[in-house]
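> Chains as they are written, first to last, in our numbering: chain A, 39 to 293; chain B, 39 to 293.
Simulated from the structure, these hints should not be mistaken for laboratory data. Be aware that one or more of the hints could be misleading.
Since the list gives no way to pick out one identical chain from another, each pair is judged satisfied if it fits inside one copy or across any two copies.
The calculated SDA-like cross-link candidates involving lysine to any residue, where the alpha carbons are at most 20 Å apart (straight line), are [said to hold, decoys possible]:
| id | residue 1 | residue 2 |
| --- | --- | --- |
| 1 | K255 | L154 |
| 2 | K235 | T157 |
| 3 | K66 | A204 |
| 4 | K66 | Q244 |
| 5 | K66 | H196 |
Here the structure is a predicted model, which is why all the values come from computation and not from measurement.
Protein chains: 2
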Amino acid sequence: MSTNPERIYTAGLVVIGDEILSGRTHDKNIAQVASWLQVQGIRLAEVRVVPDVMEKIVAAVNALRAENDYLFTTGGIGPTHDDITVDAVAEALGLGVEVHPDARAILERYYTSRGLELTEARLRMARAPAGAELIPNRMSGAPGIRIGNIFLMAGVPHITAGMLDALTGTLEGGMPLKSETIGCWTAESEVADILRKAEQDHEGCQIGSYPFFREGKVGANFVIRSTDAEALADCARDLTRALEDRGNPCIAGGI
Amino acid sequence: MSTNPERIYTAGLVVIGDEILSGRTHDKNIAQVASWLQVQGIRLAEVRVVPDVMEKIVAAVNALRAENDYLFTTGGIGPTHDDITVDAVAEALGLGVEVHPDARAILERYYTSRGLELTEARLRMARAPAGAELIPNRMSGAPGIRIGNIFLMAGVPHITAGMLDALTGTLEGGMPLKSETIGCWTAESEVADILRKAEQDHEGCQIGSYPFFREGKVGANFVIRSTDAEALADCARDLTRALEDRGNPCIAGGI
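Hey, can you work out the whole structure from these sequences and the hints?
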């Protein structure tokens, strides 16, 4: 992986599919893509979930690609009539759509080896914006698609996972964001002043507070994030000390 | 619930929080809000996930409230420094922020009954855009906030659930979207032409195709959606017949 510590790289994600917006399917790709990006030194800056509607996809793709270094999409690259991501992205980029010869060959091999035919519907999965490259899909044949810094991936999470895996280490990123988590059996409202002060005192550190209710008690995990390992360690030490001085034993690593 | 069958009501959702974009927390509110809206006869038209950054929240709130009948937000209404949703929504609407007297009274009762003080940090949870109403929170005291057709809810899913429950039946909606699911142990690419034709033949019906791989076999659920019960039943009957005519036994209700 190429790393440029001098700047912050960001990505946008467009999640495409009526099934997410109807509540029928619980999205798993946001968390999966977000975690993967962290490791690449790229921050997920915004996600938009849009329906299988051409102009909605085009608008989201154009908005997020303008604001970010990378754009990812999940969903809508299968063989059925509601799979219109390729057409929408081509439209957003002002490109034509064509059958990618390598994708066609991959699908031919995949279906032939299973004694099946490459029907017209299946051939839809070989369509790509003109000039695109393929992202290997070790799970189910039909590849993902890369056009410059735009990545079209499957909607089914384990297929998306395989595609992300194929991309690991290939994108230029900045310094990965590191984090330290400190857990406390306290209400976050008890220590809000301490959190605020710790963040102010340590430049380049952000502190998130994530309350929970477990085993009949309130608690919270405080997550400090920074690209600077030393600043992170200093902030974690000072925050722990301040919390413990107020009578809140801290659990390093979180609860 | 007031129902106006003559038109389609839509909602936007802004999910606020660095913890979702970092992949640390798996969002559960998109699916929860989406399912709840369906029952109210309101369609979730778009979701944006944004970080705890003022201008990002303001931009998402303004974009989605302009396009939809209702706007919901989740996250960022707690007591800590990174909870800025109230300020961001007030800014988006051009309103001031004030301590809501009823919210203050609720928090006072809540903390007093637990032998705790209403500290400055906790009092943050009583802040609301000027003129707002409260959404009851039976789980943890701090209420949600309603300003016209904008609803600010908690980020913690079980608290959000309680707030949605309090709103059930209070919003004007259109005809609820009904759905029928037909499951088949077939690859969706085998029957893509059948799906397309069924959708074309039945006006007002949309068909989504949701493939899966289970028990070593590929299958798919086909979900037909319509506000028209009769059109839905006709479409389901014709689709089932066409699938079975091609040798694919159908499982009504899905697999």
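> Can you give me the call for K66 and H196, within, between, both or neither, at a CA distance of at most 20 Å?
Both, since 10 Å and 19 Å are each at most 20 Å.
> Between K66 and Q244, at a C-alpha cutoff of 20 Å, which is it: within one copy, between copies, both, or neither?
neither (25 Å within a copy, 24 Å between copies)
> At most 20 Å between C-alpha atoms: does K235 with T157 qualify within a copy, between copies, both, or neither?
Classified as between: cross-chain Cα gap 16 Å, same-chain 63 Å, threshold 20 Å.
> Since the copies are identical, ignore which copy is meant and state whether K255 and L154 lie within 20 Å (CA to CA) inside a copy, between copies, both or neither.
Cα proximity of K255 and L154: across copies only (15 Å, versus 57 Å in one copy).
> Check K66 against A204 for me: Cα-Cα at most 20 Å, and say if that holds within a copy, between copies, both or neither.
For K66 and A204, only the intra-copy Cα distance (19 Å) is at most 20 Å; the inter-copy one is 28 Å.
Violated hint for the displayed structure: number 4, the only one.
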